[in-house]
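I would like the entire structure built from these sequences, with the hints used as guidance.
2 protein chains.
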Amino acid sequence: MREVAAIGVGITKWGELWKQSLRDIYVETALLALEDAGVDRIDSMYVGSMSSGLFAGQEHIAALLADYLGQSPVPSTRVETACASGGLALRLGYMEVASGMSEVVLVSGVEKMTDVSGNEATYALGTAADQEYEGYHDMEKYSTTREQLAMVSVKNHKNGSKNPVAQFPFEITVAQVLNSVMVADPLRILDCSPITDGAAAIILYPAELAKKMGKPVVKIIGTGHATDTIAIAQRADITWLNSTYLAAKSAYAMADKKPEDIDIVEVHDCFTIAEICVTEALGFVERGKGGEAVEQGLTAIDGKIPVNPSGGLKSKGHPVGASGVAQAVEVVKQLRGDCCDRQVPDSRIGMTQNMGGSGASSVVHIFERE
Amino acid sequence: MREVAAIGVGITKWGELWKQSLRDIYVETALLALEDAGVDRIDSMYVGSMSSGLFAGQEHIAALLADYLGQSPVPSTRVETACASGGLALRLGYMEVASGMSEVVLVSGVEKMTDVSGNEATYALGTAADQEYEGYHDMEKYSTTREQLAMVSVKNHKNGSKNPVAQFPFEITVAQVLNSVMVADPLRILDCSPITDGAAAIILYPAELAKKMGKPVVKIIGTGHATDTIAIAQRADITWLNSTYLAAKSAYAMADKKPEDIDIVEVHDCFTIAEICVTEALGFVERGKGGEAVEQGLTAIDGKIPVNPSGGLKSKGHPVGASGVAQAVEVVKQLRGDCCDRQVPDSRIGMTQNMGGSGASSVVHIFERE
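First to last, the protein sequences are chains C and E.
Numbered per the working numbering, the first sequence spans residues 1 to 370.
Numbered per the working numbering, the second sequence spans residues 1 to 370.
Read the hints as simulated data drawn from the structure, not as lab findings.
Any given hint could be a false lead.
Claimed, not checked - Restraint ranges, calculated between C-beta atoms of paired labels, are given here:
{"no.": "1", "chain 1": "C", "residue 1": "ALA184", "chain 2": "E", "residue 2": "ASP115", "range": "49 to 57 Å"}
{"no.": "2", "chain 1": "E", "residue 1": "SER117", "chain 2": "C", "residue 2": "GLU370", "range": "52 to 60 Å"}
{"no.": "3", "chain 1": "E", "residue 1": "MET182", "chain 2": "C", "residue 2": "TYR123", "range": "34 to 42 Å"}
{"no.": "4", "chain 1": "C", "residue 1": "ARG2", "chain 2": "E", "residue 2": "GLU370", "range": "25 to 33 Å"}
{"no.": "5", "chain 1": "C", "residue 1": "GLU370", "chain 2": "E", "residue 2": "ASN119", "range": "50 to 58 Å"}
{"no.": "6", "chain 1": "C", "residue 1": "ASP115", "chain 2": "E", "residue 2": "LEU31", "range": "35 to 43 Å"}
{"no.": "7", "chain 1": "E", "residue 1": "TRP18", "chain 2": "C", "residue 2": "GLY118", "range": "41 to 49 Å"}
Every value quoted in this text rests on a predicted model; they were computed, and no experiment measured them.
Using N, Cα and C, we set each Cβ at its ideal position, and we do this for glycine too.
Shown next, in the form of structure tokens:
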């Protein structure tokens with residue numbers, strides 16, 4: 001298989017975008033990515049979306065969006081695996097370019113979540129799992145504290161305050177998290193990622209050809225995808241995200257890299273406890289030490305392994321199907337050095353980890369700047 | 001890219017399967033395919049489903065079905081492009097084996113459509129297009145007759161009467177079609193494919209390795225995928241299925257075959273007029289001559305180009321996301337000579353054409369028995 005580079009990225013302001021439809025926000029980011037890449041055609045496109053059917057009353061968005069982007073008759077494929085839909089779209093786009101089937105592939109994620117009521121949105125999100133929250137309660141095993149959870153939110157909001165596309169670009173305090181409304185004990189509203197409208201796009205291209213364009217070349221050097229039981233209760237250890245561990249293991253092996261080689265990582269902090277479990281499963285900290293890591297500042301933007309420099313799902317927002325692609329957009333920008341106030345200096349190797357349901361699906365990618 | 005063979009297929013009785021859930025019918029066919037293939041593992045799986053969210057209140061079925069098949073943690077991907085979801089799953093599974101990323105890939109399609117009311121099912125199906133029926137009204141251009149439409153149904157029911165898994169395995173007459181309830185003039189209920197619960201599965205494997213297993217080897221030698229405007233009204237000619245034409249063009253080119261080389265074809269007869277338009281777009285008959293072809297028996301099981309020997313969507317049933325995979329199951333069985341009473345003799349090269357919305361997406365595959 002040939003090497004694949006990400007040569008263009010696009011993202012616009014996320015939030016409650018009541019004046020724009022799903023197709024509007026999709027087209028906006030796709031055009032930005034095409035312009036950034038400097039290509040005048042695409043051969044194929046992938047769209048990650050979790051539930052356009054339940055959120056927007058529209059299936060078949062692959063063809064619809066190709067049409068509205070003015071790209072019919074290109075092949076267009078929608079993939080879904082709950083909140084990991086965007087990451088999975090990236091994986092399939094990678095496969096199409098790597099295999100030689102296509103040269104220029106547009107990968108996007110999009111979700112329009114605020115056109116339905118809060119109850120309807122909760123119902124739609126619940127279709128990712130039988131019991132979305134059931135297992136996030138075993139903090140005692142590793143003495144993870146309530147304050148450590150809050151510190152994940154505080155860190156991500158601090159990073160997100162410097163991200164112009166973030167839905168909530170402002171800082172919050174530990175006290176604010178601890179005093180916010182309870183959602184499902186021990187998680188409070190400021191532990192939870194929000195409901196968001198948003199899209200993100202990325203253009204993939206053979207790395208050899210990208211080098212000839214004289215542009216910064218960020219290659220995808222590893223990809224991994226794994227599943228786990230849908231119900232957390234059926235897992236041997238409910239504090240361990242095995243699908244993330246296995247997806248990362250595949251990606252590390254393919255890239256021939258280790259956790260110590262990674263300069264920045266965007267992870268799926270749908271809830272604060274998730275970021276803690278993910279940093280352990282990815283091998284950045286020892287099992288059970290994720291809480292301490294955030295408390296000690298190891299995952300801060302100037303720490304040993306900066307986690308979620310974009311602000312993460314918590315501050316940037318979480319349009320479920322788009323999040324995986326947006327993570328890749330952030331990593332590409334960081335590796336190019338395009339992130340202004342939230343830039344992590346000297347980043348050459350980055351990682352994304354995108355997750356569906358309560359970790360029943362995980363997709364991990366590793367990127368490297370040449 | 002390496003050659004890919006279909007080494008195992010599975011399908012069970014389709015219909016109103018009120019005693020079985022989505023996961024039940026999925027697992028049943030997947031196990032049949034695994035047994036037929038004689039493999040003891042899978043490396044990856046793809047599931048085509050149009051709207052598990054709206055029909056069954058469940059997204060994230062890729063992970064859920066991997067779990068219920070006992071295959072976690074294998075990577076599992078759901079793809080959706082309305083009624084062409086199954087065909088698209090097959091294309092991606094093909095790509096994964098052809099690229100060398102995986103060896104044994106399980107491709108399935110599944111839809112559980114009868115657990116919601118008729119109104120809800122119609123709403124869900126409507127999400128494939130803005131106006132599903134708008135354009136099927138231009139029969140005058142080519143003097144296609146009302147009776148010719150009926151003959152498509154009559155032919156497909158005749159074929160389906162010999163298919164033990166068909167939802168409606170009995171013959172009907174032209175008079176019955178002409179006197180059935182009007183749905184959208186000129187289409188009557190017996191012109192329309194039914195609402196169906198069903199699944200189908202197929203195992204893909206490198207052809208070189210399949211030959212060593214000493215089994216009949218049916219290779220996928222061509223694949224094509226194309227899109228068109230979502231709204232039929234925006235097309236230059238509403239009688240022409242351009243996405244089918246272009247997908248077939250890609251598949252013919254890849255396989256180095258012409259329409260005359262094809263021995264049997266399974267097409268997407270969601271409505272009788274669709275089969276007529278598809279036979280034209282695939283190049284089996286001249287433009288405008290699809291109606292005459294069915295009247296003259298050219299598309300009958302003993303005709304020049306047997307179309308829908310399985311009974312097609314009309315008689316076999318149309319669990320939307322499953323239909324594309326079931327078409328491939330029928331073609332593989334025909335090329336192996338396993339179709340008993342409905343066997344087309346001496347078939348070596350077969351084709352499938354699967355379509356989403358009103359032809360806004362088409363996926364075409366060509367198969368060859370070694």
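Hints, one by one, checked against the model:
For ALA184/C and ASP115/E, the Cβ-Cβ distance of about 28 Å falls outside the hinted range of 49 to 57 Å, so the restraint is violated. A hinted range of 52 to 60 Å holds for the C-beta pair SER117/E and GLU370/C, which are about 56 Å apart. At roughly 36 Å, the beta-carbon separation of MET182/E and TYR123/C lies within the given 34 to 42 Å, and the hint holds. Separated by about 29 Å at the C-beta atoms, ARG2/C and GLU370/E satisfy the suggested range of 25 to 33 Å.
Checking the proposed 50 to 58 Å range against GLU370/C and ASN119/E shows it holds: the Cβ atoms sit about 56 Å from each other. For ASP115/C and LEU31/E, the hinted distance range of 35 to 43 Å is satisfied, since their beta carbons lie about 40 Å from each other. Between TRP18/E and GLY118/C the Cβ separation comes to about 33 Å, which falls outside the hinted range of 41 to 49 Å.
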